[in-house]
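2 protein chains.
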Amino acid sequence: MILVNGNVQDTVSALDRGLAYGDGLFETIAVRDSNPQLLDLHWQRLERGCARLKIPFPGISRLMDDIERLLEHARQAQKPSGIIKVIVTRGAGGRGYRFEPDMNVTRIAILSDWPSWQGTERDTGVKCKICETQLSSQPVLAGIKHLNRLEQVMARAEWSGNDIAEGIMLDAHDHIIEGTMSNIFFIDRQQTIVTPALDQCGVAGVQRENILSIADNAGFKIDVTDVNLTDLEKYSEAFISNSLIGIWPVTGIDKHDYQIGPATRALQEKLFKS
Amino acid sequence: MILVNGNVQDTVSALDRGLAYGDGLFETIAVRDSNPQLLDLHWQRLERGCARLKIPFPGISRLMDDIERLLEHARQAQKPSGIIKVIVTRGAGGRGYRFEPDMNVTRIAILSDWPSWQGTERDTGVKCKICETQLSSQPVLAGIKHLNRLEQVMARAEWSGNDIAEGIMLDAHDHIIEGTMSNIFFIDRQQTIVTPALDQCGVAGVQRENILSIADNAGFKIDVTDVNLTDLEKYSEAFISNSLIGIWPVTGIDKHDYQIGPATRALQEKLFKS
Chain P
67 MILVNGNVQD TVSALDRGLA YGDGLFETIA VRDSNPQLLD LHWQRLERGC ARLKIPFPGI
127 SRLMDDIERL LEHARQAQKP SGIIKVIVTR GAGGRGYRFE PDMNVTRIAI LSDWPSWQGT
187 ERDTGVKCKI CETQLSSQPV LAGIKHLNRL EQVMARAEWS GNDIAEGIML DAHDHIIEGT
247 MSNIFFIDRQ QTIVTPALDQ CGVAGVQREN ILSIADNAGF KIDVTDVNLT DLEKYSEAFI
307 SNSLIGIWPV TGIDKHDYQI GPATRALQEK LFKS
Chain H
67 MILVNGNVQD TVSALDRGLA YGDGLFETIA VRDSNPQLLD LHWQRLERGC ARLKIPFPGI
127 SRLMDDIERL LEHARQAQKP SGIIKVIVTR GAGGRGYRFE PDMNVTRIAI LSDWPSWQGT
187 ERDTGVKCKI CETQLSSQPV LAGIKHLNRL EQVMARAEWS GNDIAEGIML DAHDHIIEGT
247 MSNIFFIDRQ QTIVTPALDQ CGVAGVQREN ILSIADNAGF KIDVTDVNLT DLEKYSEAFI
307 SNSLIGIWPV TGIDKHDYQI GPATRALQEK LFKS
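Quick note, the sequences are listed as chains P and H, same order. Position 172, counted from 1, in the first sequence is what our numbering calls 238; the numbers after and before it change by one each time, with no gaps. Position 95, counted from 1, in the second sequence is what our numbering calls 161; the numbers after and before it change by one each time, with no gaps.
Derived by calculation from the structure, the hints in this document are not laboratory data. Treat the hints with care, as some may be off.
Since the list gives no way to pick one copy over another, a pair counts as held whenever it fits inside one copy or between any two copies.
Unchecked claim - Keeping only pairs whose Cα atoms sit at most 20 Å apart, straight-line, the calculated EDC-like set for lysine to aspartate or glutamate is: (1) K195 <-> E299; (2) K120 <-> E198; (3) K120 <-> E275; (4) K193 <-> D265; (5) K120 <-> E224; (6) K287 <-> D131.
If we strip away everything but chain P, and leave its shape as in the complex, we get (with noise of 0.2 Å):
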């Protein structure tokens, strides 16, 4: 089901500036017993991107009428898992890339089924490659999840198949920033929780947020900072994160091995009670 601002229907305007420049921000959403996960912080980001591109924000009002109807809807299905993925683009309009203030944005929810993991990442780790397509350094657009996601599709084309779960991209510094669809994580030897800046690119995702303030809850040390490839042999061991996944432990990423520690584990408890 898609709703396309609060009407049931699955086109939008062949004018839309989402589709001519991307020019727009989303979210996706995990549903879970019918609840829709991490709301709070899914509309906080929403509302910076649109602040950044200068986009009106809908109003979390108009936004919790389309996840309840999905939900209704999903509900009636008898679907207690899903996913619902929340567009919001400028609208259409302006002449080329130059816009108007007072624009219609266009809002778009659409509501899909769980997707089939294997599910046994979340227990057995999952092996990363590094991406040879590198994140580019945009302080303009960094940290919001805006709809510019080429790079993230060329470098998920890198790899097929199920052996490899997530690429991991580096920034053109060799900083590692993030995998395609997840936050990374890596714990050093001091119990230290540390994930890259994400100020010049990646995307700031609410499960990482999420996460890091579980990880401050329960006493952990928490390094926000520049992690360089050189730097994977400090850890002793890392995992990945989004919306959907909540945390995967990395066996792998190329040739350098990860154990599955204690520190990955009671974050995925604490995450799981959550």
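Dock chain H against chain P, hints included.
Here is chain H on its own, set in the frame of chain P:
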């Protein structure tokens, strides 16, 4: 009039990857005296872009069918001038960023009216500003006209009104790259045509390619190279180009003034006759 995959319709799937990720390309084609301009160069760039993004090229015959139908529509409306925008996306589908190699691309062709320029820019020249929004370096995407255009949208939002016609964008190393909607050329005191190299960022405009070819045929020396912001004073003339505007002389970039000189006028003349 809008054609989507050859059908007269003004909507696309809300699941199209062009909307979801900017996963596609576009061309903006000028129509003059009922003739589409620089078509060969447009199709060549589109095909190059498809190859780079691993999107199946729709083929010239399908694209030309769309063009012919829009031209017929324009003729019936007695509009000999206009713009045809062609968008090609990877289509709808795939799971997340991953795509299948055999996806059905989406082909969109949009006919619109010739823009209401003030009309004197070609003669009297235009003022430009240096934008604060920089272009990020990404060799994987440099040169092609893909749909990830948030940098241009943000740069174009830096000014309003008619005093400034174009914003010039730099990379992170203070190289001059291009305008938000145009390429830029300079002419040095030895009458060499200088234009920025676009191997790290920027769009290689079809008009840029056309002008370089015309300049070469006219016996100008050409230098496609890095242009530093501090080089501005080295040049005696400057102009910007794109498919719609042709050549607009630049009379100033921020506080740096240029005369409209003989090389710019000679190229305008040759472009007009080509």
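Hint by hint, here is what the structure shows:
Taking the closest pair of Cα atoms, K195 and E299 come within 20 Å of each other only inside a single copy of the chain (15 Å); across copies the shortest separation is 47 Å, beyond that limit. Taking the shortest Cα distances, K120 and E198 sit within 20 Å of each other only across copies (16 Å), while inside one copy they are farther apart (32 Å). Neither within a single protomer nor between protomers do K120 and E275 lie at most 20 Å apart by alpha-carbon distance, with minima of 23 Å and 34 Å respectively. Proximity of K193 to D265 under the C-alpha cut-off of 20 Å is found in neither arrangement, the shortest distances being 26 Å within a copy and 33 Å between copies.
Within a single copy, K120 and E224 get their C-alpha atoms only as close as 34 Å, which misses the 20 Å cut-off; across copies the closest is 11 Å, which meets it. Proximity of K287 and D131 under a CA criterion of 20 Å is satisfied in neither setting, with 39 Å inside one chain copy and 62 Å between copies.
Checked against the numbered hints listed earlier, the structure breaks hints 3, 4 and 6; every other hint is satisfied.
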